[in-house]
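Taken in order, these protein sequences are the chains called A and B.
For what it's worth, the numbering used here labels the leading residue of the first sequence as 12, then goes sequentially.
For what it's worth, the numbering used here labels the leading residue of the second sequence as 36, then goes sequentially.
Calculated from the structure, these hints are not laboratory results.
Any given hint might turn out to be false.
[Stated by the list, open to error] Pairs of lysine to aspartate or glutamate residues, derived as EDC-like cross-links and limited to a Cα-Cα distance of at most 20 angstroms, are as follows:
no. : chain 1 : residue 1 : chain 2 : residue 2
1   : B       : K634      : A       : D174
2   : B       : K627      : A       : E126
3   : B       : K76       : A       : D45
4   : B       : K627      : B       : E613
5   : B       : K631      : B       : E603
6   : B       : K435      : B       : E570
7   : B       : K634      : A       : D45
[As the list claims (entries may be wrong)] Quick partial rundown of chain B residues pointing at chain A, CB under 8 angstroms, derived from the structure:
no. : residue
8   : M79
9   : R237
10  : R242
11  : S243
12  : V386
13  : P404
14  : L614
15  : L616
16  : A619
We treat Cβ as the ideally placed atom computed from N, Cα and C, and that holds for glycine.
Each chain, letter by letter, is given below.
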Amino acid sequence: MRETQSVVLAGVGGQGILLASEILAKAAMAAGYDVKTNEVHGMAQRGGSVVAQVRFGAEVHSPLVARGTARVLGSLEQVEALRFWEYLAQNGLAVVNAQAVVPVTVSSGSAKYPEDVEARLRRAFSRLVYMNAAEEALKLGDIRAANTVLLGAISKGLDLPIDAWQEAIASSVKAKLVDLNIRAFELGMKFH
Amino acid sequence: MSRGVRAVEWLVLVEYVRSPRPEGIYVRSIPQLATEMRTVKREMMSGNEALARGAYEAGVVLGTGYPGTPSTEILENLVRYKPEVYCEWSPNEKVAFEVAAGASVAGARSIVTMKHVGLNVAADPLMTLSYLGVVGGFVACVADDPGMHSSQNEQDTRRYASFAKVPIFEPSDSQEAKDFMLEAMGISEKFSTPVILRSTTRVSHSRSLVNLGERSLPERMIGLVKDPPRFVPIPVWGRPMRQRLDERLKGLKEASERSKANRIEWRDRSLGIITASIAYQYVRDAWPEASVLKLGFSNPFPDSMVVELTSGVDKVLVVEELDDIIEEHVKSLGIQCQGRSIVPGIGELSVDILLDSRAKYEGMEPVTPSVPEYCQGLPPRPPVLCPGCPHRGIFCALGKHDVVVTGDIGCYSLGAFKPLDRMDTILCMGAGISMAQGFQKAGEPKKVVGIVGDSTFFHSGITGLIDIAYNKGSSTIIVLDNRTTAMTGHQDHPGTGVTLMGEKTRALSIEDIGRACGIEMVFTISPYDLSTVKETLSQCLESGEPSLIVSRAPCPLKERRRVGEIREISHEKCKGCELCLKLACPAIEMDKDKPKINKILCGGCGLCEQICPAGAASAVGKTKGDKADA
Ligand SMILES: Cc1ncc(C[n+]2csc(CCOP(=O)(O)OP(=O)(O)O)c2C)c(N)n1
Ligand code: SF4
Numbered sequence: 012m013r014e015t016q017s018v019v020l021a022g023v024g025g026q027g028i029l030l031a032s033e034i035l036a037k038a039a040m041a042a043g044y045d046v047k048t049n050e051v052h053g054m055a056q057r058g059g060s061v062v063a064q065v066r067f068g069a070e071v072h073s074p075l076v077a078r079g080t081a082r083v084l085g086s087l088e089q090v091e092a093l094r095f096w097e098y099l100a101q102n103g104l105a106v107v108n109a110q111a112v113v114p115v116t117v118s119s120g121s122a123k124y125p126e127d128v129e130a131r132l133r134r135a136f137s138r139l140v141y142m143n144a145a146e147e148a149l150k151l152g153d154i155r156a157a158n159t160v161l162l163g164a165i166s167k168g169l170d171l172p173i174d175a176w177q178e179a180i181a182s183s184v185k186a187k188l189v190d191l192n193i194r195a196f197e198l199g200m201k202f203h
Numbered sequence: 036m037s038r039g040v041r042a043v044e045w046l047v048l049v050e051y052v053r054s055p056r057p058e059g060i061y062v063r064s065i066p067q068l069a070t071e072m073r074t075v076k077r078e079m080m081s082g083n084e085a086l087a088r089g090a091y092e093a094g095v096v097l098g099t100g101y102p103g104t105p106s107t108e109i110l111e112n113l114v115r116y117k118p119e120v121y122c123e124w125s126p127n128e129k130v131a132f133e134v135a136a137g138a139s140v141a142g143a144r145s146i147v148t149m150k151h152v153g154l155n156v157a158a159d160p161l162m163t164l165s166y167l168g169v170v171g172g173f174v175a176c177v178a179d180d181p182g183m184h185s186s187q188n189e190q191d192t193r194r195y196a197s198f199a200k201v202p203i204f205e206p207s208d209s210q211e212a213k214d215f216m217l218e219a220m221g222i223s224e225k226f227s228t229p230v231i232l233r234s235t236t237r238v239s240h241s242r243s244l245v246n247l248g249e250r251s252l253p254e255r256m257i258g259l260v261k262d263p264p265r266f267v268p269i270p271v272w273g274r275p276m277r278q279r280l281d282e283r284l285k286g287l288k289e290a291s292e293r294s295k296a297n298r299i300e301w302r303d304r305s306l307g308i309i310t311a312s313i314a315y316q317y318v319r320d321a322w323p324e325a326s327v328l329k330l331g332f333s334n335p336f337p338d339s340m341v342v343e344l345t346s347g348v349d350k351v352l353v354v355e356e357l358d359d360i361i362e363e364h365v366k367s368l369g370i371q372c373q374g375r376s377i378v379p380g381i382g383e384l385s386v387d388i389l390l391d392s393r394a395k396y397e398g399m400e401p402v403t404p405s406v407p408e409y410c411q412g413l414p415p416r417p418p419v420l421c422p423g424c425p426h427r428g429i430f431c432a433l434g435k436h437d438v439v440v441t442g443d444i445g446c447y448s449l450g451a452f453k454p455l456d457r458m459d460t461i462l463c464m465g466a467g468i469s470m471a472q473g474f475q476k477a478g479e480p481k482k483v484v485g486i487v488g489d490s491t492f493f494h495s496g497i498t499g500l501i502d503i504a505y506n507k508g509s510s511t512i513i514v515l516d517n518r519t520t521a522m523t524g525h526q527d528h529p530g531t532g533v534t535l536m537g538e539k540t541r542a543l544s545i546e547d548i549g550r551a552c553g554i555e556m557v558f559t560i561s562p563y564d565l566s567t568v569k570e571t572l573s574q575c576l577e578s579g580e581p582s583l584i585v586s587r588a589p590c591p592l593k594e595r596r597r598v599g600e601i602r603e604i605s606h607e608k609c610k611g612c613e614l615c616l617k618l619a620c621p622a623i624e625m626d627k628d629k630p631k632i633n634k635i636l637c638g639g640c641g642l643c644e645q646i647c648p649a650g651a652a653s654a655v656g657k658t659k660g661d662k663a664d665a
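With the hints as extra help, turn the sequences into a complete structure.
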């Protein structure tokens, strides 16, 4: 593969986006690629938007993804997927967790959470996987694995071998959570 | 290439040999390198982790700093190499710089870390350390924040390098961060000069692969080699130092012209681009075919390389983030180039921005896609004070007083936003106290309250407090003591009782310091007890005396605990006045017509219960001390 592949992961502080980006980067590394990632730090943990970018290929230069070039956009929150729509390539895959995390601007009444969010997502993304990652993770008994479910669905849009993903998961989560996360990943892979 | 060495391995070896080595630190033969290469470990590292690794490999034995995004993780990673490396969070950047300078003059290799504005605080020692020079290698790691992701300005640290007449290195990814740290250390010792290593948010916080090396220590013994004419810049010795500084700069210029940190990538000859730092990576994506002079060791300028590139291409373009430093210099050499007229100088660059610049350069219209209507009108998601944050109680109480609030930088800066809206000014760390004195002495008709955090108080608040006491001020100063430096990721400070090395230590008392500064009215309160907060505030404001209120409650995000019991709003009792929404608490959401508390998010602080006029909010019971998920 000569061409660099780009992925954008979005969500809200505390949802596990940074861990998801770490697993993806390690999977690409295990598959033998050059990898660069970037993430927003700082105010993220105070409930702000979080976006992580991962790029891999033979030789990667910019750690930032350019507009309209991401093969996959994965988001753990619906509005955040719309917020970062412009990164996704025209034929790119969007994987969106059907969850609303209400920002303070909405709860305080100064802004509105779009009621037609699903319709908007369907118009924004021609290839959309709209899933409830949190529900899937709950089936396995741990809602925190929602990010790994998301990764499973994302993996369909990328050329990375399954053992690279497994190796990456095993080296990123606590030993006792490895099995659970690998199952969460496999659950996510079932979504198209 | 010996049999059995795979092509990729050979590439790694070539890269390894080519990577900059600090002069005098590494002397290795090729067979040695080849053996090492087989054991080369590659790791994904952030720029900050790589800087720490570089410092470790370069034989650094002391690292100091003061937290500041995006520089903080350099020291947090370096301390993992304890006990081989001693690390400390100093109270501020000036102290941190001077501690590292002392270590270096004693012969130890040392680093100091800070964010760009931290170097303003440490500028005084920087300007004269360059006169004194150093013994053990000394590298100041300074991280800029183009685009102001988490800073109050976007000043360009490269100016300090020419201002202080010291060399500067600018890595563009993690591998370079590590390599340049090693080279910077070598240059520092060879030329007895402090060196600045400048990172940026994108370099510090991006991750990429890094080849690890071994640690190597100098043979030199630690201990002052007494030499007052060298280390005491009173005028009679200072003037010769100034002369020697110029000699040193000549040597450094030759070094930068020979340095592997600067290189020309010859490609198509119609355009030559001069660039540095992270902008290089964007240039390679936006102009893959152009020839490039990539600067990594950029002060003193490698003029001969500039001439080599520019005389080999038809046109020259400078692509740099922030100030026009390279462009000005290239033009000063009498070389025609374009730069700022094509590439923006405000905010950070990106491949997208450079693609627009490229379109402009080639006389075409940049294509900025318009936002489709289904992606418009999204609710903004700004950062907010966490549920249960102790700062909220103080802003809530301040809302009852018609006062001017001079604020400061920390999580509590978020109190400037609506609906809290209880902070009128922010300038820089410490100014929350000193500006209050200025307002009051200028005759501000309203009473003045100054607000700083605990870490900020130790950083640069104490001298302001002394000023108020000494010059007969009458402001009320509130220290929001959440027992940590929260904004930058919860670092310890002189008040927490723990060092960066993880040892227990004396915890300095803010109240005692206040009294020692001459403040007689000193109070300690809990920000969760609103009536006491209001009473104490009234008492202080009415006294006409300078006063200090220490609002003490640990940051619940750091403690990972709820403050108290989860609250609930009774739908029946609630009159729908929405007063509780004024708390800007992420746990309080509108449920159709009335507010409701999100139990997962609730921090259990009980402020809503205290302000609800209808008595609708109350404790649910039992969950005290639970882990908060926030
Ligand atoms: C000179 C300088 N150094 C460092 C910083 C980065 N910084 C911003 S706020 C802050 C400290 C915050 O700690 P504290 O005052 O205790 O407030 P908290 O965030 O805990 O509420 C730091 C280190 C800065 N803005 N300026
Ligand atoms: S991290 Fe701590 S101090 Fe900062 S907003 Fe959250 S609770 Fe408040």
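Hints versus structure:
no. : hint              : in the structure
1   : B:K634 <-> A:D174 : 39 angstroms, violated
2   : B:K627 <-> A:E126 : 13 angstroms, holds
3   : B:K76 <-> A:D45   : 14 angstroms, holds
4   : B:K627 <-> B:E613 : 12 angstroms, holds
5   : B:K631 <-> B:E603 : 7 angstroms, holds
6   : B:K435 <-> B:E570 : 11 angstroms, holds
7   : B:K634 <-> A:D45  : 43 angstroms, violated
8   : M79               : 6 angstroms, holds
9   : R237              : 6 angstroms, holds
10  : R242              : 5 angstroms, holds
11  : S243              : 5 angstroms, holds
12  : V386              : 4 angstroms, holds
13  : P404              : 6 angstroms, holds
14  : L614              : 12 angstroms, violated
15  : L616              : 5 angstroms, holds
16  : A619              : 6 angstroms, holds
Comparing the model with each numbered hint stated earlier shows that hints 1, 7, 14 do not hold.
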